[in-house]
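Asker: Two chains, two frames, a set of hints: combine them into the complex.
One letter stands for each residue in the lines below.
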Amino acid sequence: MPVALSQSYYMLVRQARNLLREPIWIALLLIQPMVWLLLYSQLFKRVTELGGFGTSSYVDFFLPGVVVMNAFFAGTWAGMSMVTDLDRGVIERFLATPARRSSLVSSQLMRAALQAAIQGLILLVVGYAIGARVAAGLLGWLVILGTAMLVAAGFAGVSHGVALLTRKEATMIAVANFIGLPLMFLSTILIARAVIPGWMQTGSKFNPVDWGVRAARGPALPGTDWASVAGHLGLLTAFVAATGAFATWAFRAYQRTL
Amino acid sequence: MDAIAVEGLRKRYGQVQALDGVTFRVREGEVYGLLGPNGAGKSTTTRVCVTLTRPDEGRASVAGHDVVREAKQVRGAIGYIPQASGVDREATARENLTLQGRVQGLRGPVLTGRVDELLETFGLADAADRQVRGYSGGMKRRLDVALGLVHRPRVLFLDEPTTGLDPEARAAMWEELEHLAGRENLTILLTTHYLEEADRLADRLAIVSRGRVVVEGTAEELKRELRGEAVNVELADGRIDDARSAVAALDAVLETTVDGRTLRARVENGGRAVPGILSTLDGEGIPIASVTLARPSLDDVYLHFTGRDFRTEDGGA
Numbered sequence: 000m001p002v003a004l005s006q007s008y009y010m011l012v013r014q015a016r017n018l019l020r021e022p023i024w025i026a027l028l029l030i031q032p033m034v035w036l037l038l039y040s041q042l043f044k045r046v047t048e049l050g051g052f053g054t055s056s057y058v059d060f061f062l063p064g065v066v067v068m069n070a071f072f073a074g075t076w077a078g079m080s081m082v083t084d085l086d087r088g089v090i091e092r093f094l095a096t097p098a099r100r101s102s103l104v105s106s107q108l109m110r111a112a113l114q115a116a117i118q119g120l121i122l123l124v125v126g127y128a129i130g131a132r133v134a135a136g137l138l139g140w141l142v143i144l145g146t147a148m149l150v151a152a153g154f155a156g157v158s159h160g161v162a163l164l165t166r167k168e169a170t171m172i173a174v175a176n177f178i179g180l181p182l183m184f185l186s187t188i189l190i191a192r193a194v195i196p197g198w199m200q201t202g203s204k205f206n207p208v209d210w211g212v213r214a215a216r217g218p219a220l221p222g223t224d225w226a227s228v229a230g231h232l233g234l235l236t237a238f239v240a241a242t243g244a245f246a247t248w249a250f251r252a253y254q255r256t257l
Numbered sequence: 000m001d002a003i004a005v006e007g008l009r010k011r012y013g014q015v016q017a018l019d020g021v022t023f024r025v026r027e028g029e030v031y032g033l034l035g036p037n038g039a040g041k042s043t044t045t046r047v048c049v050t051l052t053r054p055d056e057g058r059a060s061v062a063g064h065d066v067v068r069e070a071k072q073v074r075g076a077i078g079y080i081p082q083a084s085g086v087d088r089e090a091t092a093r094e095n096l097t098l099q100g101r102v103q104g105l106r107g108p109v110l111t112g113r114v115d116e117l118l119e120t121f122g123l124a125d126a127a128d129r130q131v132r133g134y135s136g137g138m139k140r141r142l143d144v145a146l147g148l149v150h151r152p153r154v155l156f157l158d159e160p161t162t163g164l165d166p167e168a169r170a171a172m173w174e175e176l177e178h179l180a181g182r183e184n185l186t187i188l189l190t191t192h193y194l195e196e197a198d199r200l201a202d203r204l205a206i207v208s209r210g211r212v213v214v215e216g217t218a219e220e221l222k223r224e225l226r227g228e229a230v231n232v233e234l235a236d237g238r239i240d241d242a243r244s245a246v247a248a249l250d251a252v253l254e255t256t257v258d259g260r261t262l263r264a265r266v267e268n269g270g271r272a273v274p275g276i277l278s279t280l281d282g283e284g285i286p287i288a289s290v291t292l293a294r295p296s297l298d299d300v301y302l303h304f305t306g307r308d309f310r311t312e313d314g315g316a
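Going down the list, the protein sequences come from chains A and B. Letter by letter, the first sequence follows residues 0 to 257 in numbering that gives the first Met the number 0. Letter by letter, the second sequence follows residues 0 to 316 in numbering that gives the first Met the number 0.
Keep in mind that the hints were calculated from the coordinates and are not lab data. Each residue gets a CB set at the ideal place from its N, CA and C atoms; glycine is no exception. A couple of the hints might just be wrong.
What the hints assert, rightly or not - Cross-link-like lysine to aspartate or glutamate pairs, in silico, EDC-like; alpha carbons within 20 Å at most:
#1 B:K139 <-> B:D165
#2 B:K139 <-> B:E69
#3 B:K139 <-> A:D84
#4 B:K139 <-> A:D86
#5 B:K222 <-> B:E267
#6 B:K222 <-> B:D298
Claimed, not checked - What follows is a set of in silico ranges between Cβ atoms, one per label pair, in the way DEER data are often shown:
#7 A:F177 <-> B:D240: 51 to 61 Å
#8 B:G63 <-> A:L138: 56 to 66 Å
#9 A:R166 <-> B:G63: 33 to 43 Å
This is chain B alone, in the form it adopts within the complex (with noise of 0.2 Å):
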């Protein structure tokens, strides 16, 4: 059975279409990744499906139950991890975990047991009574997703985990999620704008575009539907903007990113594009610091199939 099976799902805030259809099913016990930019309809999609938003049209259902009809039921088998926190700043990491448990049915024994495990699990034991307000952003993310597991939920649902934190806070907070996922039985729904993080973490993944769907399939399948090679040149000195535009007028190239000093261009064929792109920078008198040829990256799937730069449609991010 599909833990999550989303049909069509629109939805229209005055003037945007949030959403323009979405479809797709998530099996059970599988991670999957929503990847997309901001306002792509990624937080969207995961509010119909934990309740939160009511779809002007389509269906969605979580965990066997419609997300619209059956809300009741849908609630107590999800942990809903949002974007913006939702942690009580003012309470203590146990006295947040022991409410949240209570809301969820748990009581006595149980849910102190429960509270204390997920302390210890997300390294909060030694900080459980103070206030949340004190903590680093790492450490009240780790709550954020205690809070969501509380009732062991059969599907999770994380909305940008990652986001906010610091490059250290964020390796610690992957291998948390890894952990999780290597869990019998428990589905996750994670949203992302880290093409790094759909790929470490997601078993199968979407990119989202304008409230759509536009492609489906595990990080390898779609790197596999690109043909070609990326080349990645790094340069000497700044002047990125020239190399690219002279790189993007050669036939050989189907596409051209910039990272940093790094200008990414995918090709046919890596062997035959490079000598033509090297004497053209040369051409330019452009220094080239080194070249490397690639398998496509998610970066360069994301470009192919919504024709944007990931980086660019992000606000630079």
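Chain A extracted, bound-state conformation (with noise of 0.2 Å):
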């Protein structure tokens, strides 16, 4: 394997063990879009009546709406956790050995991905059990679970392009809030476009949220339009690479400050 990859595995292995070690976090943090997903499901029920939805049943719209919701509020919470290894020093100990720079990136964008793909599947299962169907089955899970990863991988680098810049948690919080409910609102998580006002429906096409939406959905409702699921896979993957760039630039910026 070469360096740089067995690298951020190594630092993987580090995240994803004290993620899993404290599994308390995975199921608070799954409190919010559970009741997203068991009581909003109920509460919208009739929503399908105004058409435009693609089905009639709305938990089996709503429910890879929800994954990727999670995934992006996993993102963009993710550099809380770069806060606290720099509050702590862990980031200069590994500077001072010859650790790639990259490898501590990008294993905190990984650990987002990972926690993002454990979360949908809970996720997914108790849809499951709430009667939600995923019209193209297993694979029609696997593209959701994969989208909710991009999702989340890409908002992390923003979230730690923002840690790394400010390096306090106050911050930290306040950014979160501040793309956290407009960039959800100016989705189609909710609801489908075809209801939705005309400048909400060019805005959500600029944002990387919806990118994730659609190309969850996709799968999760019958018809699925394969090319658009692609699409749109790949802009999440243009995303996670520009806000990866941007999180190895404030690296930089953060050790020019040292």
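Answerer: This is how it looks when you write it as structure tokens:
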């Protein structure tokens, strides 16, 4: 294995171990998306009567949206662990070793992706239990989870960039809240594109959260447009590359302040 | 060959000139102490040497490699024990050591063997598989040192290794470090604001003040540079400030420092100065518990070369 890859792997093992050692966090972080999934899907059950949802089952429509929403929030908060590592001197300790700088950033993004995948799987299982079905079956589940990983990694890049530039938890919380709700509502997580105002439809085209919703919802509903799914997965991959580059640039900026 | 060669280092952070031309050399196998109060520039100097901080000006080479141009080679040759620990508190000691070994290029049985050996050496074998966040301060600090040693570095940087430890843990750490210092081929750069620590551990030391090395030598050499003797007067009551101002006014007294109830006066000749000091205190009506004469300590050396009282500059700590 090339050094850069093996180091990212060891750093990811550390991240994953710390994540799985506190399974309570995975559960606590799931409370909110669970409430959305279990209550909101019932509350808005009849909204599909408006038409344009591509299905009459709102929970079928909503489930991939919830998985993406959860991944989005997992990503926006991911930088908190970087702030902790910076505060505790963990990053500096590694910087004085031959550890690859890129592995310090990439392992953090991969951890966010892993968290989103684990939580996404739990949401899919619970969704299945309450009757939600994914039209494309197993392949559909894999596409939804893969999408969740890209969304989480992409926003983790933003979050880590901010973490490295500000190094303050308070700023992190402000940024997460500032982008959290607007990007969520400027997407089709909750409702079909056909029934939202035109300017919001336009806005959602530039929203990576909505790219994720479109990639994940495609295989969840009948009549999947695979070209559109692939296109949006491609956009998300570019988004991950761009925010990963931003986080890496922020890491260099942080190093220059030392 | 010098294990560490630092020349004319300058570094400015905003309005603060952290380093203002630091220069010193450390021979291979030597324990070298950088002594000075917080903010003197010790940590910044260390951070330049371990490739964390780029100097604005000047050069540093460690283990034969330039810290800026050959940072990678330097990082493989050094162990760095930062002031702010840097252990992963959610992981166990074994996991911390294993990851550190991996990024330093160790693999397989060599790595597991080395980790076991360090856990044993630093008295962490019983706690090896517990999360570090439950460790005592002393255990955490021993793990920090073990982390720095995992790849058998040639040069070890210890940034304030005992700051924040209780006296018992500090004494235990000093024993560990003395043991390390005895190893051949291991060069140690130690920063400290404890005079006692520098006196005990360092072969040679430099006193750092305001971003510069103000004096350098063995502890003995530095003490010898100070003429005269120290008169230590322990007071029976607490009027230490009155006592200090009265004694400082005497011609025979060169400098005064205060340590709790003890007034320390540096004088040319102890035998001649003591009667004057005693009669002055008597005249002020300040009762005395004891008087001793001593060769100057590093406290006196510090005061002499920086013109400042070590303790007050350090915020009374």
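Asker: Which of the stated hints cannot be reconciled with the structure, identified by number in ascending sequence?
Answerer: 2
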